[in-house]
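Which chain is which? The protein sequence lines are V and Y, in order. For the first sequence, the working numbering gives the first residue as 1, with consecutive numbering after it. For the second sequence, the working numbering gives the first residue as 1, with consecutive numbering after it.
Keep in mind that a hint or two might mislead.
If several chains are the same, the list does not tell them apart, and a pair holds so long as it fits within one copy or across any two.
[As the list claims (entries may be wrong)] With a straight-line Cα cutoff of 25 Å, these simulated DSS-like cross-link-like pairs (lysine-lysine) come out:
#1 K405 with K377
#2 K82 with K405
#3 K82 with K96
#4 K197 with K356
Just so you know, the hints here were simulated from the structure itself, not pulled from any lab data. Just so we're clear, the structure is a prediction, and the values are computed from it rather than from any experiment.
Number of protein chains: 2
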Amino acid sequence: MQLTGKVVIAQGGGPTAVINQSMVGAVLESRKFPQITRVYGAINGVEGIVNEQFMDLSQETTNNLEKVAATPASGLLSTRVKPDEKYCEEIFKVMKAHDVRYFFYIGGNDSSDTVRIVNDYAKASHYDFRAIHIPKTIDNDLMLNDHTPGYGSAARYVSEAFIGINQDTRALPGVYIAVIMGRHAGFLTAAASMAKKYEDDGPHLIYVPERPFIVDDFLADVKEQYEKHGRCVIAVSEGIEDENHVSIAAKLSKNVEVDAHGNIQLSGSGALGDMLSNLIKERLGIGRVRADTLGYAQRNFIGSISNVDQIEAREVGEKAAQYALLYNRDGSVVMDRVGDYAVDYRLVDIAEIAGKTKTMPAEFLNARGNNVTDAFKNYLRPLLGTNYPTAHRLRAPMVEKILKK
Amino acid sequence: MQLTGKVVIAQGGGPTAVINQSMVGAVLESRKFPQITRVYGAINGVEGIVNEQFMDLSQETTNNLEKVAATPASGLLSTRVKPDEKYCEEIFKVMKAHDVRYFFYIGGNDSSDTVRIVNDYAKASHYDFRAIHIPKTIDNDLMLNDHTPGYGSAARYVSEAFIGINQDTRALPGVYIAVIMGRHAGFLTAAASMAKKYEDDGPHLIYVPERPFIVDDFLADVKEQYEKHGRCVIAVSEGIEDENHVSIAAKLSKNVEVDAHGNIQLSGSGALGDMLSNLIKERLGIGRVRADTLGYAQRNFIGSISNVDQIEAREVGEKAAQYALLYNRDGSVVMDRVGDYAVDYRLVDIAEIAGKTKTMPAEFLNARGNNVTDAFKNYLRPLLGTNYPTAHRLRAPMVEKILKK
Chain V
1 MQLTGKVVIA
11 QGGGPTAVIN
21 QSMVGAVLES
31 RKFPQITRVY
41 GAINGVEGIV
51 NEQFMDLSQE
61 TTNNLEKVAA
71 TPASGLLSTR
81 VKPDEKYCEE
91 IFKVMKAHDV
101 RYFFYIGGND
111 SSDTVRIVND
121 YAKASHYDFR
131 AIHIPKTIDN
141 DLMLNDHTPG
151 YGSAARYVSE
161 AFIGINQDTR
171 ALPGVYIAVI
181 MGRHAGFLTA
191 AASMAKKYED
201 DGPHLIYVPE
211 RPFIVDDFLA
221 DVKEQYEKHG
231 RCVIAVSEGI
241 EDENHVSIAA
251 KLSKNVEVDA
261 HGNIQLSGSG
271 ALGDMLSNLI
281 KERLGIGRVR
291 ADTLGYAQRN
301 FIGSISNVDQ
311 IEAREVGEKA
321 AQYALLYNRD
331 GSVVMDRVGD
341 YAVDYRLVDI
351 AEIAGKTKTM
361 PAEFLNARGN
371 NVTDAFKNYL
381 RPLLGTNYPT
391 AHRLRAPMVE
401 KILKK
Chain Y
1 MQLTGKVVIA
11 QGGGPTAVIN
21 QSMVGAVLES
31 RKFPQITRVY
41 GAINGVEGIV
51 NEQFMDLSQE
61 TTNNLEKVAA
71 TPASGLLSTR
81 VKPDEKYCEE
91 IFKVMKAHDV
101 RYFFYIGGND
111 SSDTVRIVND
121 YAKASHYDFR
131 AIHIPKTIDN
141 DLMLNDHTPG
151 YGSAARYVSE
161 AFIGINQDTR
171 ALPGVYIAVI
181 MGRHAGFLTA
191 AASMAKKYED
201 DGPHLIYVPE
211 RPFIVDDFLA
221 DVKEQYEKHG
231 RCVIAVSEGI
241 EDENHVSIAA
251 KLSKNVEVDA
261 HGNIQLSGSG
271 ALGDMLSNLI
281 KERLGIGRVR
291 ADTLGYAQRN
301 FIGSISNVDQ
311 IEAREVGEKA
321 AQYALLYNRD
331 GSVVMDRVGD
341 YAVDYRLVDI
351 AEIAGKTKTM
361 PAEFLNARGN
371 NVTDAFKNYL
381 RPLLGTNYPT
391 AHRLRAPMVE
401 KILKK
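Next up, chain V with everything else stripped away, as it sits in the complex (with noise of 0.2 Å):
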């Protein structure tokens, strides 16, 4: 029943803080099948596939193994190629060529679609070959997981920068505004708001791609905000819509770029964070406004990664092979909440996970679209990992002032 070849791990798409966990526990798991012969990591995912590109991750030591599971973004390297039926052919020819028996492909929806175009071309050809797709994005946009590997540090990173930029902006007022990556999920922008302690911290105000962004409303909501507490700070995830679904950095962008996915290129640019800047200080009048585009430190930064996001990472790979190579199953592995907090896992088709996309829930939003309920930060709170750092205020009293000019 269990078949006797080679085992393929490949990473694709963007990378994350933790992808690596997720290929070591694959990469460690499948060594200690006696049926595999040997564990190959495939160079730059599905590209380094079809051009044999292959490192015999047998024979990487555990040490080093270890210490690349700690290490930010994917060490087996990445592709943004999406594999039609004349690329899978290709595949297929290496993959009988070299005995590969099992595949599994970290990465998000894109990738995953890409786990089904494989496997369909696999039974087709009639090659016994399971194929699985472990789950990662920062976007936490996959369908049926509560979450996913990647989502949890990259939120840690956004909520730490919020942090900072929170007492930065009490230290030196004006308005404040983050774009944060996010192309259609609003889930890593909404995490901003971890860094809210105190009644009048930031961030003040949320913009999600879940909810249209209408311009005279977000004007009117940094000004409310702007007179209450003498500041404002905003995150704004890059992928924000108006009210057609008309992406509003896709508007003011003279050059778009579009990827093999038809991914407009939101990432890598100040454009957005810049003409909302200009547009408070031309209709608000307010001086002092500041935008920031966090850009790529938020998928891949070393110095704040969750430790739960680590574990779980590490165990979506270890269940992967655990289902293909014990169980001889094919599909996507999906991450569920079972306790508060816990999880487990499960596999599912992977047709249910394939080119989906999920969003933020009604009832993680507010009736104004413009910030995150309790409900949000209740379900986020525990993926930060355990020693999630907080900021702390004097609270002396005040002296009686003398002069009192």
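Assemble the complex: chain V is given as a structure, and chain Y must be docked to it using the hints.
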């Protein structure tokens, strides 16, 4: 000989991740001296003095002071106000009214200039008064200091960001630019160099304000590195200037914003990064070019504070109190490197620090002006703290190809 009266502590200019360590060091030390009737914190720097906004830190708990010390960004809030003669007169009316005899101002070179003006005014008014400048700045640009409190933590943040960014661009190649804070001095930008572990790691190019930024040279450098490595990771100071000392960012900016010290706004906008990114796309024809502006997280990120920086920031605050309260002296606390690695402190005349800027010495920059030397790395290494992370790579052998297409 020892003056009986109150202490006022204030914080000025841009926050750092450890500026509250210095504040708490000065508060805790001042509270030990019997001649000190109260320890006040001025809210919003010198503005708080003029407006009699004092918090009575003699009534703050030691626990809360320690918690605030570990929190980034000025706990007493900050200001960009630079006092003139009239303003100093107002300051002294308040100082006299409250019987303030000691003034500790934590800040950079603009703030040290404030201390100098205030102290000159005190002498001219025959008011018996001790004023000490406590150094802080992420820019590391204060004269005489080997380095300044705040720099180590900001440097650690920048280098940790580049560890992830370097891995990210290995996984998904292209050109990546990060614009880093630093108006006149390139120390913080140069910190990106610590992310380079292996020969082909980024950052591959580093541009600082100390050397003229020549567009054609820049493009030739990028082309060379991109052809060599298939990718290019670049660190650029926000303050880079052309051969005529004209700021590259200011050339681009339509609405130039100028603060009370005559400084042009450089941070809080993605304009410089986007311009350099477009230049590479257009002139070199490289498709995937991304630019991030690291932004305000650099100076107040709670997740990657250097423990060495924390200790030193605490010590400069303590030493300031000791110089004033034990020795009845004025001046600026300076940090010397006295071992490999050890520091010691001394007090210098404020005029030696005030309004001056230290830049990177020639031995820290390579001949072409597009990278740092090992001398710089040896200088920076101990400042990053004792548990600095490092990235690891897989190093198993590649598998021989079978199909060899």
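Comparing the hints with the structure gives:
no.: 1; hint: K405 with K377; in the structure: neither (44 Å within a copy, 52 Å between copies)
no.: 2; hint: K82 with K405; in the structure: between (69 Å within a copy, 20 Å between copies)
no.: 3; hint: K82 with K96; in the structure: within (20 Å within a copy, 73 Å between copies)
no.: 4; hint: K197 with K356; in the structure: neither (35 Å within a copy, 39 Å between copies)
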